[in-house]
Amino acid sequence: MITNTGGRTDTVQYYSEWLLNRFKESFVYSRNPLFPSKITRYELTPDKVDCVVFCSKNYEPILERLHEITDKFNTYFHYTITAYDKDIEPRVPSNEKSIETLLKLEHIVGKNRITWRYDPVLLTEKYTVDYHLKTFESMASQLSGHIDHCIFSFVEMYKKLSINMPELKPITEDQKILLAKGLGEIAKKYNIYLQTCATNRDYTNFGIHPSGCMTADILEKSNNIKLKKLKHKGNRKHCNCIETRDIGAYDTCPNGCKYCYANATPKKAIENFKLHNPNSPILFGEIKETDIIQQGNQKSFLVDSQYICQNLKLF
Numbered sequence: 003m004i005t006n007t008g009g010r011t012d013t014v015q016y017y018s019e020w021l022l023n024r025f026k027e028s029f030v031y032s033r034n035p036l037f038p039s040k041i042t043r044y045e046l047t048p049d050k051v052d053c054v055v056f057c058s059k060n061y062e063p064i065l066e067r068l069h070e071i072t073d074k075f076n077t078y079f080h081y082t083i084t085a086y087d088k089d090i091e092p093r094v095p096s097n098e099k100s101i102e103t104l105l106k107l108e109h110i111v112g113k114n115r116i117t118w119r120y121d122p123v124l125l126t127e128k129y130t131v132d133y134h135l136k137t138f139e140s141m142a143s144q145l146s147g148h149i150d151h152c153i154f155s156f157v158e159m160y161k162k163l164s165i166n167m168p169e170l171k172p173i174t175e176d177q178k179i180l181l182a183k184g185l186g187e188i189a190k191k192y193n194i195y196l197q198t199c200a201t202n203r204d205y206t207n208f209g210i211h212p213s214g215c216m217t218a219d220i221l222e223k224s225n226n227i228k229l230k231k232l233k234h235k236g237n238r239k240h241c242n243c244i245e246t247r248d249i250g251a252y253d254t255c256p257n258g259c260k261y262c263y264a265n266a267t268p269k270k271a272i273e274n275f276k277l278h279n280p281n282s283p284i285l286f287g288e289i290k291e292t293d294i295i296q297q298g299n300q301k302s303f304l305v306d307s308q309y310i311c312q313n314l315k316l317f
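Heads up: the sequence shown begins at 3 in our numbering, then just goes up one per residue.
One or more hints might be untrue.
As the list claims (entries may be wrong) - Straight-line Cα separation of at most 30 Å, BS3-like style, residue types lysine-lysine; simulated pairs:
#: 1; residue 1: 183; residue 2: 223
#: 2; residue 1: 26; residue 2: 40
#: 3; residue 1: 113; residue 2: 231
Everything labelled a hint here was simulated from the structure, so no lab data went into it. Predicted, not measured: the structure shown is a model, and the values here were computed from it.
Construct the entire structure; sequences and hints are all you get.
Okay, structure coming up:
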């Protein structure tokens with residue numbers, strides 16, 4: 003099983019103590035977002051978890067204790083650093099601070115386990131095509147040589163965005179071409195492997211590689227492991243990622259990003275954040291008598307389930 007810690011919320015930034023407690027106690031509960039009375043238990047042990055995948059906009063809260071996970075498990079890290087200021091991402095650290103933290107993370111886990119996510123790419127009166135290209139080049143010049151590669155995607159026009167972000171402007175096909183061409187040229191200039199996320203558009207003529215931000219190939223190369231060649235559903239349309247199990251919860255990220263797909267509203271996320279107990283086996287709320295707890299199916303994707311990774315200390 004591939005464990006995803008950050009697909010539904012920024013677990014690292016706001017729930018690091020809880021996350022570390024879960025790995026210390028070797029299990030976690032995850033509530034089904036579609037059927038809230040159903041809870042799945044996952045074992046968080048090296049024989050049950052092939053790799054732990056992180057996604058965050060701020061790794062600073064977990065850096066000092068990250069070894070508690072990396073010493074025992076294969077890992078991979080997505081670090082989201084975008085062009086936006088507090089008007090779009092109210093509680094996300096500045097680009098300068100984020101880059102500083104990424105370099106600290108690189109020192110701990112190595113650049114081959116880190117992907118820089120420059121997404122979603124969106125347009126407003128302030129955040130224009132030129133603004134993106136200038137900002138991307140500035141960050142690329144600083145991150146070149148410190149990351150394995152970079153992933154970008156264009157914002158998806160969810161219905162709730164018209165309410166949460168009325169200043170958002172639709173991106174035309176011509177603008178997408180301008181952005182893809184410019185990002186591709188910049189990535190080539192700084193020797194950064196650039197690829198898209200969850201799109202069926204072909205931008206290979208701009209030096210941009212096809213979609214797949216969490217593929218078996220990426221996890222294999224970054225951890226020196228071998229995974230079974232299986233066909234995975236992906237997480238959404240046009241997604242080529244390996245199947246994962248997310249242990250977070252929607253409507254719990256206090257970052258307040260206007261474009262967020264994981265929160266119905268920023269207010270609801272703050273309310274749920276107040277219900278968090280770092281010592282609970284579940285991210286927020288309480289286990290009810292009416293809840294149905296079942297053991298998760300944790301099939302291994304490793305070619306040899308007894309595989310011993312040379313990079314780990316405690317297998």
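(message) Under the constraints set out in the numbered hints, which ones does this structure not fulfil?
(response) Violated: none.
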